[in-house]
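*Asks:* Listed below are the residues making up each chain.
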Amino acid sequence: AQKITQTQPGMFVQEKEAVTLDCTYDTSDQSYGLFWYKQPSSGEMIFLIYQGSYDEQNATEGRYSLNFQKARKSANLVISASQLGDSAMYFCAMREKNRGSQGNLIFGKGTKLSVKP
Amino acid sequence: DTGVSQDPRHKITKRGQNVTFRCDPISEHNRLYWYRQTLGQGPEFLTYFQNEAQLEKSRLLSDRFSAERPKGSFSTLEIQRTEQGDSAMYLCASRGGGAANTGELFFGEGSRLTVL
Chain D
1 AQKITQTQPG
11 MFVQEKEAVT
21 LDCTYDTSDQ
31 SYGLFWYKQP
41 SSGEMIFLIY
51 QGSYDEQNAT
61 EGRYSLNFQK
71 ARKSANLVIS
81 ASQLGDSAMY
91 FCAMREKNRG
101 SQGNLIFGKG
111 TKLSVKP
Chain E
1001 DTGVSQDPRH
1011 KITKRGQNVT
1021 FRCDPISEHN
1031 RLYWYRQTLG
1041 QGPEFLTYFQ
1051 NEAQLEKSRL
1061 LSDRFSAERP
1071 KGSFSTLEIQ
1081 RTEQGDSAMY
1091 LCASRGGGAA
1101 NTGELFFGEG
1111 SRLTVL
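Residue numbers (the numbering used here), protein chains in the order written: chain D, 1 to 117; chain E, 1001 to 1116.
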């Protein structure tokens, strides 16, 4: 069963507007972590934001915020004031802490975001 | 540069040849991961090292694949008798330990393999 689902293969947003990228996850663990990474065409995976399952507040990092709805098992990424440089693939990932110390991340298939000038 | 570095960035080889990729993690990180990413997919876990010990291997890692981290620093990933299906981006990542660590992985820029 797919553990991370990103249902939007591609998204368009106008420069300076906000955009939400969807992510749902599946786990039976109570303790887990959720991550978003950005992958530009150069290939490097760039960490954006982290949300722990016990964190009561939604995580924020500059223009990035994570809309965490635990009961719905969703962890959507919100990018405010989009910039042309935000055009990239975006991946949602999960780490199940009860799997031990490996810390392996399970990734979704990604969403390609295109920012229009 | 103190990030994760990978070499080579691109490799084109003929089917049946052996290839080796190298990863230099962030120096204080004791955990190292290899992932494979094919077109249109997210990264898929291949194997994990803690220091020099290889603690986990994915079923994706067939017997043609071998990974080492001999001194707990850099790591190599070798693919023997390459097949066209091995064409992918091979990503290396590292992270440190500690209770305050969120588990964020730091990735290199990847090694893109094309098997003709």
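Hints listed in this document are in silico derivations from the structure and should not be mistaken for laboratory results.
It is possible that some hints are incorrect.
To be verified - Derived DSS-like pairs: lysine-lysine, alpha-carbon spacing no greater than 30 angstroms straight-line:
1. Lys112(D) - Lys16(D)
2. Lys1011(E) - Lys1071(E)
3. Lys109(D) - Lys1011(E)
4. Lys109(D) - Lys1071(E)
5. Lys112(D) - Lys3(D)
6. Lys109(D) - Lys16(D)
7. Lys70(D) - Lys109(D)
8. Lys116(D) - Lys16(D)
9. Lys3(D) - Lys109(D)
10. Lys16(D) - Lys70(D)
11. Lys3(D) - Lys1014(E)
12. Lys73(D) - Lys16(D)
13. Lys109(D) - Lys73(D)
14. Lys112(D) - Lys70(D)
15. Lys1011(E) - Lys73(D)
16. Lys73(D) - Lys3(D)
17. Lys3(D) - Lys1071(E)
18. Lys112(D) - Lys1071(E)
Quick caveat, the model's predicted, so the values are computed rather than measured.
*Asks:* Hints first: check each against the structure and report whether it holds.
*Replies:* Okay, the hints, checked on the actual structure:
1. Pair hint Lys112(D) plus Lys16(D) holds up; C-alpha atoms about 17 angstroms apart against a cutoff of 30 angstroms.
2. Taking the CA atoms of Lys1011(E) and Lys1071(E), the gap is near 25 angstroms; set against the 30 angstroms cutoff, the hint holds.
3. Distance check on the hinted pair: Lys109(D) and Lys1011(E) sit about 24 angstroms apart at the alpha-carbon level, within 30 angstroms; holds.
4. Between Lys109(D) and Lys1071(E) the alpha-carbon distance is near 34 angstroms, which puts this suggested pair outside the 30 angstroms criterion.
5. Of the supplied pair hints, the one linking Lys112(D) and Lys3(D) holds, its CA atoms being roughly 19 angstroms apart against a limit of 30 angstroms.
6. A threshold of 30 angstroms between alpha carbons decides the hint, and for Lys109(D) with Lys16(D) the separation of about 26 angstroms falls inside it, so the pair holds.
7. Proximity of Lys70(D) to Lys109(D) is assessed by CA-CA distance (about 21 angstroms); at most 30 angstroms being required, the pair is judged to hold.
8. For the suggested pair Lys116(D) and Lys16(D), the alpha carbons sit about 9 angstroms apart, so the restraint of at most 30 angstroms is met.
9. For the hint linking Lys3(D) to Lys109(D), the alpha-carbon distance of about 11 angstroms falls within 30 angstroms, and the restraint holds.
10. Proposed proximity of Lys16(D) and Lys70(D) is supported: the alpha carbons are some 29 angstroms apart, at most 30 angstroms.
11. Between Lys3(D) and Lys1014(E) the CA atoms are separated by roughly 35 angstroms; this puts the pair beyond 30 angstroms, and the hint is violated.
12. Between the alpha carbons of Lys73(D) and Lys16(D) the distance comes to roughly 29 angstroms, so the proposed pair stays at or under 30 angstroms and holds.
13. A distance of roughly 17 angstroms separates the Cα atoms of Lys109(D) and Lys73(D); the hinted pair therefore holds under the 30 angstroms criterion.
14. Pair hint Lys112(D) plus Lys70(D) holds up; C-alpha atoms about 25 angstroms apart against a cutoff of 30 angstroms.
15. Restraint check for Lys1011(E) and Lys73(D): the C-alpha separation of about 40 angstroms exceeds 30 angstroms, so the hint is violated.
16. Distance restraint check for Lys73(D) and Lys3(D): the Cα-Cα separation of roughly 11 angstroms lies within the 30 angstroms cut-off, and the hinted pair is therefore satisfied.
17. A threshold of 30 angstroms between alpha carbons decides the hint, and for Lys3(D) with Lys1071(E) the separation of about 34 angstroms lies outside it, so the pair is violated.
18. Restraint check for Lys112(D) and Lys1071(E): not satisfied, since their Cα atoms lie roughly 38 angstroms apart, outside the 30 angstroms limit.
Hints 4, 11, 15, 17, 18, counting from the list given before, are not met by this structure.
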